[in-house]
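Take these sequences, add in the hints, and give me the full structure.
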Amino acid sequence: MSRFSHILATATAVVALATPAGLCAQDIAITNATVATGDGSEPMEGATVVVRSGKVVAAGRGVTVPAGMQTVDGTGKWVTPGIFAAATTLGLWDVGAVSESNDLTAGNSPFSAALDIAPALNPSSQHVAVSRAGGVTRASIVSAPASSIFGGQGAIVDLGADPDMVVRPRAFQMVALGEYGARLAGGSRTSAHALLRNALREARDVGSGEMIPGGRAARGAPRQGDDLGPDNRMARNETDRGSDVLLTRFDAAALVPVLDGTQPLYVVVERAADIRAVLALRNEFPALDLVLAGVSEGWLVASEIAAAGVPVIADPLDDLPSSFEQLAATQSNVGRMVAAGVKVAIGRLGNGIEQPRNSPQYAGNLVALGKIPGASGLSWGQALATITSVPAEIAGYGGQFGVLATGAAGDIVIWDGDPLELSSAPTAVYIDGVLQPVSNHQTRLRERYRDLDESDLPKAYDW
Amino acid sequence: MHIRAMATLAGAAMLAACSTSGDNNRGDVASARGAPLGDNDRVPFASTYEPYPGAPTALVGATVFDGAGGRIDNGTVLFSGGKIVGIGDASLGTDGYTRIDGTGKYVTPGIIDVHSHLGDYPSPSVDAHSDGNEATSPTTPEVWAEHSVWPQDPGFSRAMANGGITSLQVLPGSANLMGGRSSTLKNVPSRTVQGMKFPGAPYGFKMACGENPKRVYGGRGRAPSTRMGNFAINRQTWLDAKVYADGDRDKRDLAKETLAGVLDGDILVHNHCYRADEMALVMDMAKEMGYKVTAFHHAIESYKIGDLLRENDVCSAIWADWYGFKMEAYDAIPENAALLQKQGACVVIHSDDENGIQRLNQEAAKAQHAGRRMGIEIADAEVIRWITLNAAKAMGVEAMTGSLEAGKMADVVLWNGNPLSVYSRPEKVWVDGALLYDAMDPKRRPVSDFELGQPGEGDVK
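Residue numbers (the numbering used here), protein chains in the order written: chain C, 1 to 463; chain A, 464 to 924.
Hints listed in this document are in silico derivations from the structure and should not be mistaken for laboratory results. Take the hints with a grain of salt, since some may be wrong.
25 Å max Cα-Cα, derived DSS-like pairs, lysine-lysine [claimed, not checked]:
no., chain 1, residue 1, chain 2, residue 2
1, A, Lys805, C, Lys459
2, A, Lys906, C, Lys459
3, C, Lys371, A, Lys568
4, C, Lys371, A, Lys906
For each label pair, taking beta carbons as the anchor points, the in silico distance ranges come out as [what the hints assert, rightly or not]:
no., chain 1, residue 1, chain 2, residue 2, range
5, C, Arg276, A, Asp558, 38 to 46 Å
6, C, Gly381, A, Asp590, 40 to 48 Å
7, A, Lys750, C, Asp116, 34 to 42 Å
8, C, Val63, A, Gly532, 40 to 48 Å
9, C, Thr190, A, Leu717, 43 to 51 Å
10, C, Gly381, A, Ala695, 35 to 43 Å
11, C, Arg276, A, Gly567, 38 to 46 Å
12, C, Gly46, A, Asn537, 30 to 38 Å
13, C, Glu42, A, Glu920, 32 to 40 Å
Covered stretches of chain A (chain C as the covering partner; in silico rule of three or more C-beta atoms under 8 Å from a C-beta of chain C) [to be verified]:
no., region
14, 503-517
15, 842-856
Values in this document were obtained by computation on a predicted structure and should not be read as measured data. Beta carbons: idealized from backbone N, C-alpha and C, even for Gly.
Next comes the structure, spelled out in structure tokens:
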């Protein structure tokens, strides 16, 4: 039995016992490994990580292993927190082009902001399993706006091999502006902005009229951030629900927590001018808890994003003028924003083909930029943080996920080398201290077709 | 600095030479296999590409992967006059060459992408630029990808700067069973597509099996709407073409000229095909009709039939790890390339993507290490072959480029580290001995017409 299949067998046994989730969290210490905590610091050699009752107890050099604890020799291995995939779609589809299997969009739905992805998530999706084997342990899951500029409410999930995927449902709302939002709104950015303002005011009306918690929080004189004063039509707070509504009551109610800032609003936006327009929204709706997603031209307005304290989820390697709102796209975007003080996570990877297990490759590319004169890259520690602690912080789980710190979830990946390097892969993945299985459709195919021998029986019997 | 100054001077000389080169009838002599002469007995749209000038250069001290599976530590690569002069170890004489110290660095042949749509689906990817699928009939052998190529696509420069791409094949898309002729290009900035056309490269012929043609046409309530419909239309089209090919061919018919070129063996078939069972059917169809499939592209399930592919001498052009985006990709595994290599079948790593073409080296590395983890060890130098010589072979240009051999085009990349590491990038890229990208020189970085005066012009990208 190879080392790999041994781990696989062990992991399968563990999971068989692990229902309900969490009961089989292992107390374990990994010693003498190269440990990177994910907080932006550089990796430490000869370090130890201790996990007890599903939580990290300690990580670093000089950590003492409690007596009697199961110990894994980490010599030659690297240990990191699990990858946190920001703004991904795992669990929402089985095959992208098979629409029946794909819950990413709902273009013909009568609802938009009210859409809640939590009940659609499938923890048994092969993409969850494949990503887990690649070291992805947590994610923020988004749906794509399609029936309106609002995509609905995303969730924070774990990728544990158990029936409980959702960590936090309705964790944020998704809205598209820029070219994407303009197309959905009727053909122009002007319409997208009017729809957004109208929707938030309808939410205010519904929230206060129906006494939805938080619904009264956002009252106040609206401003538009210039010396002209508000456009009365846009600034009017009252909405006649009898005849002048665009949102269903369900959608309007769903936006109440966005308006009062208890639910973050992820805004898909690319162009510098569009980013400025998003940041200006807080002049009118001061409580908005904004997160920018996409942001190809963020480096052009990095200081403004930093001053606004708005975090960013960026697709890091976009360097083509794929659209007229991405003319300034460059692989130095993330590095320049980070240098300006913006909190940046890597996410929305893949240009339509989602492979969040490639997050480390993307992060490694940002390190590689450091050798190119004129380019702005990241240090190794910063790069790891963009796929671990920073996306966790943006998701509202700073100190709990994506970091090896005392009290954080026992989401641990042991790698056979530098995790950002192409040659490396996880040798063990723990979520909440539970050793995870790495078997999936791909690994089973690999074993079936290790040879092409059909002399005794067809391949269909080779399982 | 010395090198750069020399190259700049040489560049000025080249411009002068070019200004008089328009009337030397190069079009008549350019080799263009598979292109019947036009009515005026000229090769249509003949290549006008000519190498840009370069200084005689010796790369010394680097680790050299020659593209043919060879590796030389502390190697020397000499090129002059646009050609590789020789490669060897540190004992190779470098008198008369400008020496570039490659200590700690790596040298490979120029990277080649066998499957690109740059120019046909350029950036920005707006509808007005969507020129890759003539999706108005299930068979369009009459169209030529080169007539859609926009040479100002900024993607060409990114492919060079980040991916070390020196040659690429631009294919029609996969909406049609027979998509048309491909265009093989040298990755040089040019005002015209003729100025990029790889001299002497054979044409390719794009075919597609499976989901795409049946979806595109079935969606319109016409044939083909099934896989059996795909084959019926393909076979009838070939049968009609054979009548033409076996006749006098006097009446010009653009579609049948292309198909006859395939039957003659002058035009190489590049067949988009994912599933193992369908690839087997396509190979049988090729035998029935008397042509050969040169490469299956996107061949997700090749690992299931590595023996068949080896026996039929068909390359598999594949991604490292794209998974599950369509039904045909549900059985994708990252060990595909390694399993094929183990079977002795031809492996090419391709991109089909304006971003992926910038990282073919990284994709090859991922495929290598997926194999290593299942016990298949493939040396770095052999892996480089997947994105150099094997790609060149699949495009029919292996006698001219794809490896560092004396007499071949001096298409060369100097990497600032092992190209199979995520931390490495091209530092310098030469095409036919001309230094066309230099990471250390902001001015030696092409900026397309489209990008002039735009935000981000001339950025490192």
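Each hint, compared with the structure:
no. : hint                            : verdict
1   : A:Lys805 x C:Lys459             : holds, 18 Å
2   : A:Lys906 x C:Lys459             : violated, 57 Å
3   : C:Lys371 x A:Lys568             : holds, 12 Å
4   : C:Lys371 x A:Lys906             : holds, 18 Å
5   : C:Arg276 x A:Asp558: 38 to 46 Å : violated, 60 Å
6   : C:Gly381 x A:Asp590: 40 to 48 Å : holds, 43 Å
7   : A:Lys750 x C:Asp116: 34 to 42 Å : violated, 55 Å
8   : C:Val63 x A:Gly532: 40 to 48 Å  : holds, 47 Å
9   : C:Thr190 x A:Leu717: 43 to 51 Å : holds, 47 Å
10  : C:Gly381 x A:Ala695: 35 to 43 Å : violated, 59 Å
11  : C:Arg276 x A:Gly567: 38 to 46 Å : holds, 44 Å
12  : C:Gly46 x A:Asn537: 30 to 38 Å  : holds, 33 Å
13  : C:Glu42 x A:Glu920: 32 to 40 Å  : holds, 35 Å
14  : 503-517                         : violated (count 0)
15  : 842-856                         : violated (count 0)
The structure fails to meet hints 2, 5, 7, 10, 14 and 15 from the earlier list, while all remaining hints are met.
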